[in-house]
Structures are given as C-alpha cells and as structure tokens.
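Mind docking chain F on chain U? Use the hints.
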Amino acid sequence: MSDNDLALLAHLLRRAGFGATWDELEEYATKDYAAVVEDLLHPERFPEVEEDVVCRYYSLGTIMEDSPAVWQGRWIYRMINTRRPLQEKMALFWHGVFATGWHKSEHTPSMALQIDMFRRNGLSDIKTILLDLSRDPAMLDWLDNSENHKDAPNENYGRELLELFSMGVGNYSEADIKMAARAFTGWTYAQPIPLYPYGFYPTHFHYRPDDHDDSVKTFLGKTGRFNGEDIVEAIVKKPATARFIARHLYNFFVADEPQVPAWNQMPPQDPQAISALSRAYFDSGGDLRTMLRVLFNAAFFKEARFRKVKSPAELVASTMKLVGTYRFPDPGLLTLATASNVMGQSLLNPPTVEGWHTGKEWIDGGTLNERVNFAVNEFADVTKPGVQAIVERLSALGATLTPEALVDHCLDLMGSLTVGNETRQALLRYAQNGGELRFGTPEERQASAVHVGRVLQLIVASKEYQFA
Amino acid sequence: MTVSVKAPVLVVVQLSGGNDFMNTIIPYTNGIYYDSRPTVGIPAEQVLPLNDTLAFHPRTGPLKELYDAGKVAIIQGIGYPNSNRSHFRGMDIWHTCEPNKIVTEGWLGKTIRELDPHHANVLTGVSFGRGLPRAMVAPGVPVTSVGDLDTYGMMTGISDVQQRQEALALFQEMYAPALGSGPVLDYLCHTGTDVLKGADVLKQAPAKYTSTVQYPDNPIAKSLRDVARVHLAGLGTRIFYTQHGGYDTHASEVPTHPRLVGELSGALKAFMQDLEEHNAADEVVILVFTEFGRRIKDNGSGTDHGSGGGAFIIGTRVAGGLYAEYPSLDPAEQLYGEDLKHTFDFRGVYATLLEQWLGLEAAPLVGGTYEQLQPFRH
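Note that the protein sequences, when read in sequence, are chains U and F.
When you line the first sequence up against this note's numbering, it's residues 1 to 468, in that order.
When you line the second sequence up against this note's numbering, it's residues 1001 to 1378, in that order.
It is possible that part of the hints are untrue.
To be verified - A few chain U residues that don't get close to chain F, going by computed Cβ distances all over 10 Å:
hint : residue
1    : D23
2    : Y33
3    : A34
4    : E38
5    : R56
6    : N264
7    : P268
8    : Y326
9    : L334
10   : E404
11   : T418
12   : G435
13   : G440
14   : P442
What the hints assert, rightly or not - Lysine-lysine pairs mimicking DSSO-like chemistry, simulated, CA-CA at most 27 Å apart:
hint : chain 1 : residue 1 : chain 2 : residue 2
15   : F       : K1101     : U       : K360
16   : F       : K1197     : U       : K360
17   : F       : K1006     : F       : K1197
18   : F       : K1101     : U       : K178
The hints are simulated quantities; they were obtained by calculation from the structure and are not laboratory data.
Keep in mind it's a predicted model, so treat the numbers as computed, not measured.
Using N, Cα and C, we set each Cβ at its ideal position, and we do this for glycine too.
Looking at chain U on its own, in the form it has when it is part of the complex:
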C-alpha cells in the first residue's frame, strides 16, 4: 500500500476508533481499505479487552462499589487498548445521542450497564436499539419513565424519544408525544435505582401491566391499543427517523454539523450524503452496520479529513495511543478521566439530555489550555514507548536527517497530520535551530531523541492537532 493509503487509514481509524500508531496502521494496511472497514464493522472477529486484568487494578470486581471516576478511567483504558475500536466508538456515539447523566441518579451501576448495552447493540438495528433503550434502568430513571403511570402520565421520555432520539423536532405533534407517553406507561424497573436509602444496587426492567394504559391511542396517524413496542415500530418506519440517525452519524463520523436543536432550521451541509445514508437505512431495515458500511466507503467520508474537533475523550485516548503508555492498567488511569473532565467531557455524565455540544463548542480558553497542556505534558518524556518508536523510525531513515525531513516525517508518524503554512513554518523554524539530526553514536541518538520530543510537543500544541 502507498503512503497515501496509510493517510486514509489514519483518517479511518481516527473516526472509526481513537487513532492508531504507525505500527498499527502498517498492520491494517496489509488488507485493503474495504476489508479494514469490514473488520471494524465486525468487532466479534477480535478479542475483547481483558476486563479481569483491569478489575484487578481498578475495581473491587463489582460495579456496586465503584465511583464514576473509576468507570471513566476504565472506559478510556478500553478506548486506548481495544482491538474493537468501532465497538467502543459506537458506545461513545450512542452515549452522546441518548445522553444520560449520572448526576441525576448518582447511580453508577446503571450507567455502567447502559454503556455496556451500547457496546452490545450499538451496531445492530435501530429498532433493537430503541427498544433496549426504552427498557434501560438508567434511562427509565433519567427521563422519569419510572414515574409514567396509567393514571398520571409523565411525558418526559415520550417527548425526548421523538425529539432527541429518533425523529427530530417538527416531525410529530404534541398529541403524538402524549400518546407515546401513554403507550410507555407501566415500563419501569424492578426497584428504584437511586442510591438512597439502600445503596448501589443494580436493577432491571420490569413491565407492570396493571400500571399500563391499554386504551386506544392514535400515534403518527395510526390508531390502536398501542404499547411501547408499537410506538418504536411506528417511529423506525418514518423517513424523518432515517434522516435524523443519518445526520447524527454524519455529524459524529464525517464532519461537525450545527448543534442538534438547530437541525430543523439548518439543512445538512451535505444533503446527498444524508440521502445516501437514509437509503441505506431503508434498504437494511435501519441497520447501523449497513449505514456505516456505506459511510466509511463513501467519497464524502474519505475526503472529510480534519473536519471535526476532537472530543476530549478522543483527544485523551488518541494522545495516549501515540505516546504508548497505559497499554496495561497501570496506576494513574484516573488522571486521564480527570483530564477529559476538565476539558469538558465527563464520560457517563453529559450535562443534559441534549448531550454534549460538540465541534467548535468543545473549545473555550480554559478547555484549550487544558487540551494543549495535557498533550504537551504527555510528550515531555522521550523515553515513553510511543516517542521511542518514532525516534526509531526516524533513525532508520539514515544517519542524518534534515530539518524539513524531520518535520514532515514527524507529522506523518503522528497519523499523517496535515498542517497550515503558519504551523509548518513554526515547526520548521524550530527544527532548523537544531540543525541536522544525527543518529550515529548513542550520544547523538540521545540528543536527537530530545529534539524530536520537542518537535512532537509543538505538533500536539498546534491548532491542527485539535482536529480529527
């Protein structure tokens, strides 16, 4: 495969995963692009992250006692080490769409189990996903469906199911919301999930026929004694749902779109891409794997390089992949969770049901400062395996290396990054101060490694590094 293909694979892995090292890219490149996409779409072909090893260092072995910080750290560990990157990426995708916040229930087990559910069903079909979601204890609590009773309906879940989880504003009426809410009465959990007064017990879905409103309802133009399943069935057949899910996939995997609440006013930036994804939706009965196969193989995806601002979790996980640490659950994993938190993304704890505001809105003075300092600090120690691997590859290019070659190869080895002229000039000016790099003697190699480390620090401080 040519270098250009490695650049394309680097793009694919940044989007369908959390980036990749040059070694990993070379391994992917032993197959052609479409085959790599298939591998990503079929996580079951690869082994799972060894959770038992993680538990040994980061858990009492039970979800009951662990704080959300532990689960944030464990999730970032998975992002770094998974051999099923798209599975982990889909969990993050659905977590952003069906945004459930730990801060309401403060109930960690149900949040951890919800994310596991996304790992399990994230690449299946939309009907399965929405039904699982409607029965998920964390969601039942978050949007009050546990308080949605036959005699006293609570519209919260019915409303957000239509507005934020499937069809989008403007495609249904207020009456449809009321009917959806009534159809989901009786969908609750076996025991309430809040912490008090019984502590962190997990729970499970429980259907209470006696609390279900079995009356005749009219929903999206059809009439019947609808239950929750019928509502989901009706929703997934609507073109609005296909377009809405398509736009979410485009926004997450291809290029930043405006925030979700603006979608009914602002048309998508690439209507043809949304049409292609919607067609895939209907061709496959709302199958996510099919939609993503179309997406990753489309020209609109392959061309959309560096069109997304990395989310904090992506920035943290992809930086850690590059420096090569935490390939084992070493102490300190929770500092990675803290890093993501202070950059504005507390995993398991999005601020509202709208999810995180993404793209440009990840960035403010405080978060940019955190992002830059985090990445620069991670590259401060040139003995880290990832930095050493880059030095190794540079030294294999010859006994000496010109400043131009140093900058260009470093940008390449960091994942085929492209930078603007200002950034390239700044990097070059720095590289020139060091003159030609030499790798002849151990002392020369040592001095060159330090210099390479500083170039890498400047690269991760650049504005271009903020993009995936």
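Just chain F, lined up with the frame of chain U:
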C-alpha cells in the same frame, strides 16, 4: 437602589458537597436540634452565640469577628423549589437558575456578557480551579480559568524557562490568524491568542503583590489569596469564582465539618484583611453559597442530603445581620418530614447582587422576578 461603587466586583465562593447549615449557624437553644443530632450536634456550651437562639460554629471565630464588625449578612433558609437532594442537579440549579429543566447557560456567564459585551477584557470573569463551573459558562463569553495563578498559562509543563519561552513564541506563530482558514480554525486562533494574552496579563499579578497578611494554609485560602492578588493588580476582573470542596459529610462529620468551616472562616477573614490593608475592600462583595443544606437528623456518623441551606454576603458595604428566616425545626413544618423547608429563593439573592451591587437588570439573568433582600449600606 444600586450601591455607588465605580467597578463593583463579585467574588463567589462555592462550598461543594452541601454545607451543613444547621452546624454552621446553630440553633443552640432548640431542643429539637439536640434531639435530632446526638452525634454531630454541637454542645451549647461550645458555640459562639450571635443572639439568644443562634450561634456560630465554635471553629468559625474569624467569621464571627467579621459578623461582629457588621460585614456579614447571613441569609437563612435559602433554597430552591422541589429539592431532589442530588448534588449535581442541585448545583446545576444554582448555576443555571433553572429548577425545572436542564440547561447549560450559567447565570454568571450571562452576567459577564452584560458587563463586557464586546469582550474588551479576557479577564472580566476569572475562575480559580480546573474546569469551568457551569455558572461561568455562556456561549461566546470568554472566561479565564486558572488552575494555579503562579503557573498559569500554555505549556507550563515545560520547566526550562528559555525552552518554554521559545515554545510560547512558536505557539503564538502557530495560532496567528490565517486568511481563508475557515471559521472554526479562526476561532481556535482567536482563543489560543486570548489565553496567551490573559496569561501575559495575569502573570503581572503575583509580581505586583505585597501584603503583610498571612493567609492560613488551606485550599480556599490559597484561592482567595489568588483572587486578592488579581484584584489588587487592577486587571479589571469583575467576577471571581472559587470553590471549596469536601462538604458532603455523610460520614465522619464530627472531624470533617469543623475543619472545613474553620478553613473557610480563616480564609475569609484573611481575604478581607488583605483587601482592607490595600484600601480595596469597598468595591468587593463576597457571596458564599452551597447547593443544599443537610438532613435535620444525623445518621450516627454524619448527615445526609437535605434542603434549606444558608448563604453569606460579606463585605465592607454590607449591612451585617440576619436575613430571611431560619427554617423551622418543628416536625410539622419539615419538608418530607425530615428536611428544613427553605424560606428564601436563591434567585432572590442573585437578583439582589445583580441589581443592587452590579447595577444590572436581574430578571433576564435569573429568569424572572424574585423577592430581594436589602443587605447593603448606601
């Protein structure tokens, strides 16, 4: 009526975790207090009485001194409707002024936008601590978030001074606005440059500062000293935000809570002394708040989440005293049969500060009109 101060400054101190108001301002003559709190109750002979029924916690002597000097308004029974006892939800409500739905714009973010609509100063709002509290967040409003004033800035992990200078110069070059690079890259350039500017200005503060005041050695004292250093450097900051954590005393309240209120009290006293030493106290008001009060009954080790907390407004322009009403401990009056019922809506306190101190129209910032207090001397 607005207090006439040229550029009034608001310093917010957030007590994170839910400060136990009943053990901060103690109803030391009330039998229900002692019956409810066999473990964490403070014996009447130890408290620092402020009148016949209420007393300061024994460890808050410095705060009582400020009170005795007429500089502390105690807002009793502050809270919000439909308390659900969640820290995060509670804090969200305080931060966004929205008890019924979940939103992301903070009341101080909106306030900063009113104070500095053209973003003339990147330091109009400064928050100490890592990560921006939601109260300070509003789209398009730059707020400077300072982890540590002495090491604030980009690429602080590079310890070699010359190397860091070189890296910062290159950073500036890399973030120079480039024509035609698109709105997102432009925004990044702008933000990166703002951080450099803010850091450049902020680093004057420690250099300019001298004081004879010895702050106690604790995190909130350190943050308030940072506030003093920035304020005294005259950098135009109008809103400061600080946080003091650890108040979630479900367990081991007896050793923990006295330490915390002691730290807070000493820090506030030192901060006020420092401002007064520099003739800079008249333009500063402090708001101390927490997300909720704690359960009336203790649980044998600490206290669980409750409602009806307390807040303090502190400053030389404050008319010290007791404001609003101490919530009744009468079992018939308790919320859910176990909590203090709040007597004053927190949005009324915000409105008081916004209109009477900062001279802004409060209703759009707090989402409605609420009863205000009159805690200022004119």
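Hint-by-hint comparison with the structure:
{"no.": "1", "hint": "D23", "in the structure": "holds (26 Å)"}
{"no.": "2", "hint": "Y33", "in the structure": "holds (27 Å)"}
{"no.": "3", "hint": "A34", "in the structure": "holds (31 Å)"}
{"no.": "4", "hint": "E38", "in the structure": "holds (32 Å)"}
{"no.": "5", "hint": "R56", "in the structure": "holds (27 Å)"}
{"no.": "6", "hint": "N264", "in the structure": "holds (19 Å)"}
{"no.": "7", "hint": "P268", "in the structure": "holds (17 Å)"}
{"no.": "8", "hint": "Y326", "in the structure": "holds (18 Å)"}
{"no.": "9", "hint": "L334", "in the structure": "holds (14 Å)"}
{"no.": "10", "hint": "E404", "in the structure": "holds (17 Å)"}
{"no.": "11", "hint": "T418", "in the structure": "holds (12 Å)"}
{"no.": "12", "hint": "G435", "in the structure": "holds (15 Å)"}
{"no.": "13", "hint": "G440", "in the structure": "holds (25 Å)"}
{"no.": "14", "hint": "P442", "in the structure": "holds (23 Å)"}
{"no.": "15", "hint": "F:K1101 to U:K360", "in the structure": "holds (24 Å)"}
{"no.": "16", "hint": "F:K1197 to U:K360", "in the structure": "holds (21 Å)"}
{"no.": "17", "hint": "F:K1006 to F:K1197", "in the structure": "holds (25 Å)"}
{"no.": "18", "hint": "F:K1101 to U:K178", "in the structure": "holds (19 Å)"}
Checked against the numbered hints listed earlier, the structure breaks none of them; every hint is satisfied.
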